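Visitor: Following the hints, position chain B against chain A.
In order, the protein sequences belong to chains A and B. The numbering used here applies: residue 1 is where the first sequence begins, and numbers increase by one. The numbering used here applies: residue 1 is where the second sequence begins, and numbers increase by one.
No wet-lab data here; the hints were simulated from the structure. Just so we're clear, the structure is a prediction, and the values are computed from it rather than from any experiment. All clues given are correct.
Cross-link-like lysine to aspartate or glutamate pairs, in silico, EDC-like; alpha carbons within 20 Å at most:
1. B:K112 <-> A:E39
2. B:K112 <-> A:E41
3. A:K206 <-> B:D180
Okay, the calculated beta carbon distance ranges per label pair:
4. B:E198 <-> A:D230: 51 to 57 Å
5. B:K132 <-> A:D219: 16 to 22 Å
6. B:D285 <-> A:V145: 46 to 52 Å
7. B:E198 <-> A:N223: 42 to 48 Å
8. B:K238 <-> A:F204: 25 to 31 Å
9. A:D45 <-> B:G126: 26 to 32 Å
10. B:R57 <-> A:E66: 25 to 31 Å
11. A:S70 <-> B:K238: 43 to 49 Å
12. B:Y193 <-> A:F204: 22 to 28 Å
13. B:H209 <-> A:Y36: 45 to 51 Å
14. B:E164 <-> A:N223: 49 to 55 Å
C-beta: ideal position from N, C-alpha, C; glycine also.
Each chain, written out:
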Amino acid sequence: MIRITYFITLFIFTISCKTSTYWTDINIENQRLDIYQTEEEQIKDIIEPYKIAIDKEMNEVIGTLEMELSKQRPESTLGNWLSDMLQDELETTHNLDIDFSLQNHGGVRVNSVAAGAITVGKIYEIMPFDNSIVVMSADGELVKVLFDHIAADGGWPVSRNIEFQIQNDKATSIMINDEPLDLNKEYTFALSDYVANGGSGCSFLKELERENLGLYLRDVFLNHIRRETDEGKSQNSHLDQRIKLTDHE
Amino acid sequence: MNRRIFCKSTLFASTVATFNTIPLSAYAYKDDFVKLTILHTNDVHSRIEPFPMDGSRNAGQGGAAKRAAMIKSIRSKEKNVLLFDSGDIFQGTPYFNVFGGELEMKLMSEMKYDAATMGNHDFDAGIEGFMKQVKHANFPFIVSNYDVSENELSTVLSKIKTWEIDGVKIGVYGLGIALDGLVPKSLYGSTIYQDPIERATKYESHLIHEEKCDYVICLSHLGYKYNSDSVSDIDLAKSTKYTNLILGGHTHTFMREPDVQNNQNGNPVYINQAGWAGILLGRVDLMFEKGRKKRKNIWSRNLKIE
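So that you can see chain A by itself, here it is in the shape it has in the complex (with noise of 0.2 Å):
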């Protein structure tokens, strides 16, 4: 009986469907653009003076580095320059007062920087995304999470007002501006944009309230190179043991 009310439902869709065409069969594949793959020379054309004109602009030398700089966890020289430029930058040139500032591990996309010339194509190549500087506020019990999954992550940069310990995958003996963290105290820092809408596995920020300061990370760099550089600086950095591994028990 089923049967039958199905095919007569069918039988009558099928002759008031205006449409005579349907597909029959899909066939999806994902063909990868690797090394070997030829070029067209036509788009290539296109291309070529945008290409001059970005290589002449990247190629800009704006300071000098004094040594290698690498990445690496839980804290590292690269990490370390990066964190307290934005730092200063946001204390000085910004006037803003923040107890502490951090960028995700990720969001630094070079794994090391030669010394010498630092070129303004090698900052793009260090923070190749625009992403905006968001000051937030919160209490140190939210702070504390946010360590401890920087510490689950093994160490992110972080400015050089913060210390703290990895212990089992936590944050332990953590100082702010040389004073125990607080869980009762509300802090202000800042941070990408990025993480602060939740990324790098950091949703526990998405519903605080922040300001977007409208400034690119990047340009804060640039701007502090450049300002250095005006002032006979040439860039350094060092390890602090800001965050530090302990054994594991």
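Guide: Quick look at chain B alone, frame taken from chain A:
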């Protein structure tokens, strides 16, 4: 290198399984069948040149000139080709920072893209910045769930588009992601994000019932899937009735094979996404059957339900 993943639709598979009378060589009757090849990219992120040869993971991969050559080669072999992009054309290399997306638009026009949707990063130069670059695009932008009636985007965004190819009518709508929190308000201005599923059901129904489309495609920048309650392509597939194919983006998902979800009518919806940065070119080959043989497929579909 190009590992082919042949994915039969359940529709076709069940037909074959149930009715052995349908010849497997059915495609030999050429007049009855139309083949359509859909090529697609997403999240190209201003990757004009291949990744630099610096030993990094993607070194040498991607690049507009390679993509153009691959597309040209496919066009030379296939009669019916549509080329789409699912958003985030902008942002990621100095080409965008310096030229604001001009070259991206010019190259996509040269490659003869048929349509694109907008990603969150396509707002990175603001509405004004997008308007400036869209002049270099000779293809339409389709976004069905942004209310842009209060700003300039209303003059350049379409809610839907249709293509008629060899008697087969293709309908396309587009979905953008929630902008709040992802894009500074100063950049998206008076653009209002609307419920993507509500808009999708409205426009897919319009494409089927009013436009009489044979096949409905969604260009989506919602993202493939989430652990949170953000609306994903999977949610979309499960919530719609007439959408056949979702060409996704935003989550930069390298799909080894398409995801297939059942829609509200119990029919399969295919979801594909081609990674990001133009490392992959997504390819969907569709076979359409013309004429009055519809009943057998409807029949097979209902046999499945039973």
